[in-house]
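Engineer: Protein sequence lines correspond, in order, to chains A and B.
Here the working numbering is used: the first residue of the first sequence is 1, the next is one more, and so on.
Here the working numbering is used: the first residue of the second sequence is 1, the next is one more, and so on.
What the hints contain is simulated information worked out from the structure, not anything from laboratory work.
Take these hints with a grain of salt, some might be off.
[Said to hold, decoys possible] Pulled a few chain A residues facing chain B out of the computed Cβ check, cut under 10 Å: (1) Gln53; (2) His56; (3) Leu59; (4) Phe79; (5) Val85; (6) Leu86; (7) Ile87; (8) Gly90; (9) Leu95; (10) Ala105; (11) Gly108.
Keep in mind that this is a model prediction, so the values were computed, not measured.
For every residue, glycine included, the Cβ atom is placed at its ideal position computed from N, Cα and C.
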Amino acid sequence: MTLAAAAGTAAHATTTTAAETHGFLSPTGVEIAFLLVGLVTLGAAVITVTTRQLVHAALWLVVALGGLAVEYLLLTAEFIAWVQVLIYVGSVVVLLLFGLMLTRAPIGRSPDADSGNRWIALAVSVAAAGALVWVVVDAFRTTWIDLDGAPAGSTEVTGASLFQHWVLPFEALSVLLLAALVGAIVLSRRAKADAATRASATRRGTEGTR
Amino acid sequence: MNDVLDVALRLLVVFVVFLTFPLIVGQTEHKVMAHMQGRLGPMYAGGFHGWAQLIADGVKFAQKEDVVPAGADRRIFQLAPAVALLPYLLVLLAIPIGPGEGAVGQVLDAGVFFVLAVMGVGVLGSLMAGWASANKFSLLGGLRTAAQLLAYELPMLLTAASVAMAAGTVSLVGILDAFEWWWVPWQITGALVFFIAGLAELQRPPFDMPVADSEIIFGAYTEYTGLRFALFLLAEYAGIVVLCGLTTVLFLGGWHGPWGADGLGWVWTLLKTAVLAFVVIWLRVTYPRLREDQLQKFSWTLLVPLSLAQIALTGIVKVVIR
Chain A
1 MTLAAAAGTA
11 AHATTTTAAE
21 THGFLSPTGV
31 EIAFLLVGLV
41 TLGAAVITVT
51 TRQLVHAALW
61 LVVALGGLAV
71 EYLLLTAEFI
81 AWVQVLIYVG
91 SVVVLLLFGL
101 MLTRAPIGRS
111 PDADSGNRWI
121 ALAVSVAAAG
131 ALVWVVVDAF
141 RTTWIDLDGA
151 PAGSTEVTGA
161 SLFQHWVLPF
171 EALSVLLLAA
181 LVGAIVLSRR
191 AKADAATRAS
201 ATRRGTEGTR
Chain B
1 MNDVLDVALR
11 LLVVFVVFLT
21 FPLIVGQTEH
31 KVMAHMQGRL
41 GPMYAGGFHG
51 WAQLIADGVK
61 FAQKEDVVPA
71 GADRRIFQLA
81 PAVALLPYLL
91 VLLAIPIGPG
101 EGAVGQVLDA
111 GVFFVLAVMG
121 VGVLGSLMAG
131 WASANKFSLL
141 GGLRTAAQLL
151 AYELPMLLTA
161 ASVAMAAGTV
171 SLVGILDAFE
181 WWWVPWQITG
191 ALVFFIAGLA
201 ELQRPPFDMP
211 VADSEIIFGA
221 YTEYTGLRFA
231 LFLLAEYAGI
241 VVLCGLTTVL
251 FLGGWHGPWG
261 ADGLGWVWTL
271 LKTAVLAFVV
281 IWLRVTYPRL
291 REDQLQKFSW
301 TLLVPLSLAQ
311 IALTGIVKVV
321 IR
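Build the full structure now, drawing on both the sequences and the hints.
Structural biologist: In structure tokens form, the structure reads like this:
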């Protein structure tokens, strides 16, 4: 109990010192840049989910994900930033565009690119965003990155913390990804076998997939 | 003020390299291809052996009308060449050509990741061009480009990871500092896989199925004219420079050479890059095109296992010599 109280006062002390040294009313250039890039990212993300043009949505997603990479860079997490570009912009969005173009990607508006769930989706996303912002602000309110000191997000620091402190979650995630990989192969093979047997009986099943 | 001047100078040098080296490679391709086929190639423009042929081509491209098809998505159609070209300019910033921090545009902590990540973005340009042209050949070309890139990105990343394991760092400058001559035979499988996968990413022959003229006209770039078409071509040749430079830095020791590493390091880098660029041209002249399914099979059944084997070998040797 006393420990918690001591921790509380210590946290309070750091809060006041942090507020004294880093005021919110006199932002540095990096903080302004962070805010502006954040606004661009948010705007791109909103357009991604509201635009009626499917391929444009995917391209706006590129802007949003690239904006996130810039934010990582501004937070000195260089390694994470490049991985973000490599995985999300370079692979995930390319895969997304590939899938869109293989199925349907008309130039111009898609009249059926609409969902009856949009208000529920809005409510869920606002709730999720609110919870995330609240938790992050509450947890890191007093944490400031020293831009002049040793880089806190360099490859060496990231690698050391990943394989020393977080090695168990890391391995668990690898197993999860492996399971997903195997699952995808099994599903695609079964779908192919099913299609082969069904194609001889009727062709109605393929109508919806285009 | 001095810092600003330094940065400006570095950017200027990288930009000049970006504008001239692709042209030199292009001109070399004209001449080398011609001589390998028993022709002379361009002989008139500029007087001496047609050295100004590509400048004349550039002037011609700039004069042509910039046509956007009526059914196309205008903005994306016009944006695509820039998206295809700019990544290579950014990658050039990170490639060191000599020892020390003075011989690289910008020292990056995670250089390998940076170059591979940014090079991967270039494919978005082809995809955008293929989709926005409102032409089925363009769309098919764009799809083939994407499929090819997805297949060949993996072996490229794996072999680059192997070098990073060997050097114990992901910084391009750091990799060169740690380089020893016996890395070349040690990593030779990785080097071949990296180079071949890079060729495929650039859609150079024999991996030029996405832009094969006898199949689908010019793939994703079919509808482009004038300067925008020239930008796509420039992206291809800038890609050759970047790929050869990266292979040099990662696998061939960059500025390390038998002698003269102190003052002449940059000569070694340029020499190795030039030899590799010659090989790229040579392959174009001598190898038949791979079919689309052969192309996919080649990557998934040969290059990916080979690069995994290279990583295993790197790991074993690394543990043994420690």
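Engineer: Look at each hint and say if it fits the structure.
Structural biologist: A quick look at each hint next to the structure:
1. Gln53: holds (8 Å)
2. His56: With Cβ-Cβ at 8 Å, under 10 Å, it holds.
3. Leu59: holds (7 Å)
4. Phe79: holds (5 Å)
5. Val85: holds (4 Å)
6. Leu86: holds (4 Å)
7. Ile87: It holds, given that the least Cβ distance between isoleucine 87 of chain A and chain B is near 8 Å, below 10 Å.
8. Gly90: Status holds, d = 3 Å.
9. Leu95: The hint holds - leucine 95 of chain A has a Cβ within 10 Å of chain B, the shortest such distance being about 7 Å.
10. Ala105: For alanine 105 of chain A, the interface hint holds, since the closest Cβ of chain B sits about 6 Å away, which is under 10 Å.
11. Gly108: holds (8 Å)
Checked against the numbered hints above, the structure breaks none of them.
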